[in-house]
Amino acid sequence: MIPSPIIGACGLLLLLLLLFFGLPIGLTMATVGLLGLLVLTGIDATFWSMQTVLFHESFHWVFIVLPMFFLLGNFAFHGDVGKDAYETINKWLGRFKGSLLIATIFACAAMGFASGSSLATAGTFTRLALPEMRRHDYNLGLACGAIACSGTLAALIPPSGMMVIFAVLCGSSLGKLMIAGILPGILTAVCFVGTLRVYLFFRPEFAPVLDIKIPLKEKIKSLKWVGPLLLIIVCILGGLYAGVFTPTEAGAMGALVTLIFFILRKGIRYRLILESLMDSIRISCMIFIIIIGAMFFSRFLAVSGFIDVISKFLLSLPVPPHVVLIAILFIYLILGTFMEAVAIMVLTLPIFFPILTKLGFDEALIGIVVLMLVEIGVTTPPLGTNVYVVKSAAGEDVTLEQIFKGIFPFFIAYLFAVALVITFPQIALFLPKLMS
Amino acid sequence: HANREAMAEQAEQIELRLATYGSPESGMVSEGIIWYADELAKRTKGNVKIKIFWGGSIAKIMELPRAVKSGLADIAPVVAVYHPELFPYVFGSSQSTMVLARADLGDWNVPYRRLMEEFPEVRNVCEKQNQKMLAFWDYDRMGVISRKPVRNFEEAKGVKIRNSGEYVPRIFKAAGFSPMSVPATEAYDAVSRGMVDAIHASADTANKYRWYEACKYFTRIPIYGTAMVYFMSINLDTWKKLPMSVQNEMLRLGNELTDIKMPSISRKVREDFERNFKKAGGTFFVWPEDEQKEWKAKVTKSSMDYYVKKMEAKNIPRLKEIVYRFAELMDYQWR
Amino acid sequence: MSDLKLLNKARVFLDRLTSILVLITAWSTLIGMFLICTTVGSRYVFGYSVPGTMDISQIILVLIIFIPLVYVEKTGGHLKISIIASRYSKRTESIRALISNILTAIVFGLMSYMSMIGCITSFLEHEDSWGDIAIPLCIPKFFIFLGCLLFSLYTLGNLLFQVVDYIKTNGEPSKK
Ligand code: NA
Ligand code: NA
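Protein chains in written order, with the working numbering: chain A, 1 to 436; chain B, 437 to 771; chain C, 772 to 947.
Only true hints are included.
In silico DSBU-like cross-links for lysine-lysine, where the CA-CA straight-line distance does not exceed 30 Å:
#	chain 1	residue 1	chain 2	residue 2
1	A	Lys358	B	Lys478
2	B	Lys478	A	Lys312
3	A	Lys433	B	Lys715
4	A	Lys405	C	Lys845
5	B	Lys677	B	Lys496
6	B	Lys485	A	Lys358
7	C	Lys861	A	Lys405
8	A	Lys266	A	Lys91
9	A	Lys358	B	Lys481
10	B	Lys487	A	Lys312
11	B	Lys652	A	Lys433
12	A	Lys433	B	Lys714
13	B	Lys496	C	Lys851
14	A	Lys358	B	Lys496
15	A	Lys312	B	Lys496
16	A	Lys358	B	Lys697
17	B	Lys715	A	Lys358
18	B	Lys704	B	Lys485
No lab work stands behind these hints: they were computed from the structure.
Using the sequences and the accompanying hints, generate a full structural model.
Following this line, the structure appears as structure tokens:
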């Protein structure tokens, strides 16, 4: 009898092989996961898993936020909300290198205060910002990379679905965690901008600069066009913080507000509305089938005990606390490449959280660092759900490989931000302390 | 001969998969199963190992009974109240029968065992789902945790309260509350921003989700006793393959969990909560006696009958008889 | 030849059914949006939340996830990593496509079969949703079955045509 962790390792290898061979991602993860379950748990359990995973991963209230935010993005796209806003930004800051990218990063951070989902934010901004960056001849891979990474800010900045999962898994304070996330989220955005500027220094052709000077009068006149985008974000923000709706409902409310803008702007145009709807369900279907496939795979990995063995081995090495911490961070980075974010937390936190708290790290600090690492994972190949959602929404003009290449500067920035938060825990812990 | 040796070796090292939700830190269910797993390993001298899969990593909370049925998990704690169609007699009816008794932790155990003796339907409820019950336990008394004082009918009028399921909202509506369904994971946000004013909570959930950080008042509503909600079961095929000695040990341990360990864990969780809540500046209230009676009169019979009617429509045999008998065993006084 | 005609007819029928279902799903998404917004509004204004909002939204979500499977395949395909695959020769590519189709047909075929059993069991057990109104769970389970079935049949059709093509051209990779 082969030990089950080895079967887990073989499954992982097979997965990577088939993925790079070019089979559809969701299908491949489901197939390997089911094969693994078949070997480890027998035919009854495998067949049962088939029906239950499909049902329980789809009949799930919190996930409704995704299609709704995609809908928001599409209405905004067809209602020229993004176009207008970016036109204005370009008029004001177009002579500044990479201005549209920087605007996107900060807009995503702002949206992070209104959206609880990293995927939803990335999908929304692909529809909002990408067409504009395309029009201004920005490098598409880099632009998509920026959106995929900035989308993750929504998970660091409250509200955040991932924070809720962390808090429930670890029994720590959600309130404290939410406040702790604000500064690291903003810091990460700033790091993005920093590395982006450095990157553009070597690759100036990736972000063309506006070469005509625009008169101040026109600039001021154009300001009103940022209005709709700002108003949409403010509406969601206001509703959330006034307790009118929950982060999940925010998706639908945001979509409604955007639809109203769309109708005011263009009238009731059934064709465009239908197009928005069709595109939203297309992106949702594409991304969910991958999430579901990833669930099959992660259940197989869980049963195999592969991750337990690896982690326990690494943690059994006789080393000082900070090395343990770095080892754990490293494990998260590796797991992030091929596993879905929630699955990683569910599988690892019961092992790591007690170890880290025993070593004396603050719960909220652990939470923020883990969230940052898990969110790096949603942008790294081969399984990077945020990249997939950007690709689904972007269409045929850009390939997955280009986007994964475009991730690079932001990946570095993310690591830098994590290092900063670990070295200066006050970045995370200052605000919660101030509030209590 | 070699074969028998191999079997003896296999019998020596048994590993069972236990699927659960939550994490080691997340409350009484986790504490109970950890105790069970550790104790079983200890008493079988390490021969039987239970490997716990946390956080729904192999099956989510709603999937657990069927995960055991299919054999994906060998053992799981089941929140039976979510599956009235599978476990209809007492576990499934818990939501409607909560109002029956002033039962406290562990008070249900003797009557429930009695019911199992009297009715084969109750006895075989798990076998029918290809599993064997190892232990069962109850959910602690529930109350209202709120941002503003909610001490009586007058103050309850129009108070937006978060609860879930089909029966509990009906019960709260009868007292003047406005029930809202918000998922447990969003309840913290909802109550701290004032989207709802109150949450229907037990000590365990209030602790786990830290609702006491946002709510400063807790009103005990003693028309609610504890409720039979959980059991732990093992896949029947797995069970039959276990050596008799291990089976006996598991059953003995299960009874200990049911009768001693779980009530004491729940009591400790209750005390923890009371301490935490007071430390966070919270105040406890009790719903007035006469209003309790009035409320109870309004909802008990109708809630039970609603359940019975619904389950009878689902062709569950002898349901009314069994549920009413249980009420009797719990000393409920029909008026 | 007449077999092929029948096959074509079946395909046209399936195509039409799929597009109608996708249209229904698309408009349901809008209905879901309005439903959630109505609940939010009525909760805020009247302190009353529309019963069943969560359950109905979840059913719509099931539609959104499983009904457009074929539509996604037709409009650009499901996501795959093409870093190596984009350099394949025509022959290797057709092998890749063949494997992909076979796997899809098998896996989604099995999934639809299992979902059908799940749907029937759920119906017989009278399994209801755990919400403020009890909705029979066989409804969303049926949609999962339907979505997977359509996708599996669609791929099976492609597979058949691919094989017919292969025989016709005596093993030369087709132009398409
Ligand atoms: Na956020
Ligand atoms: Na990744």
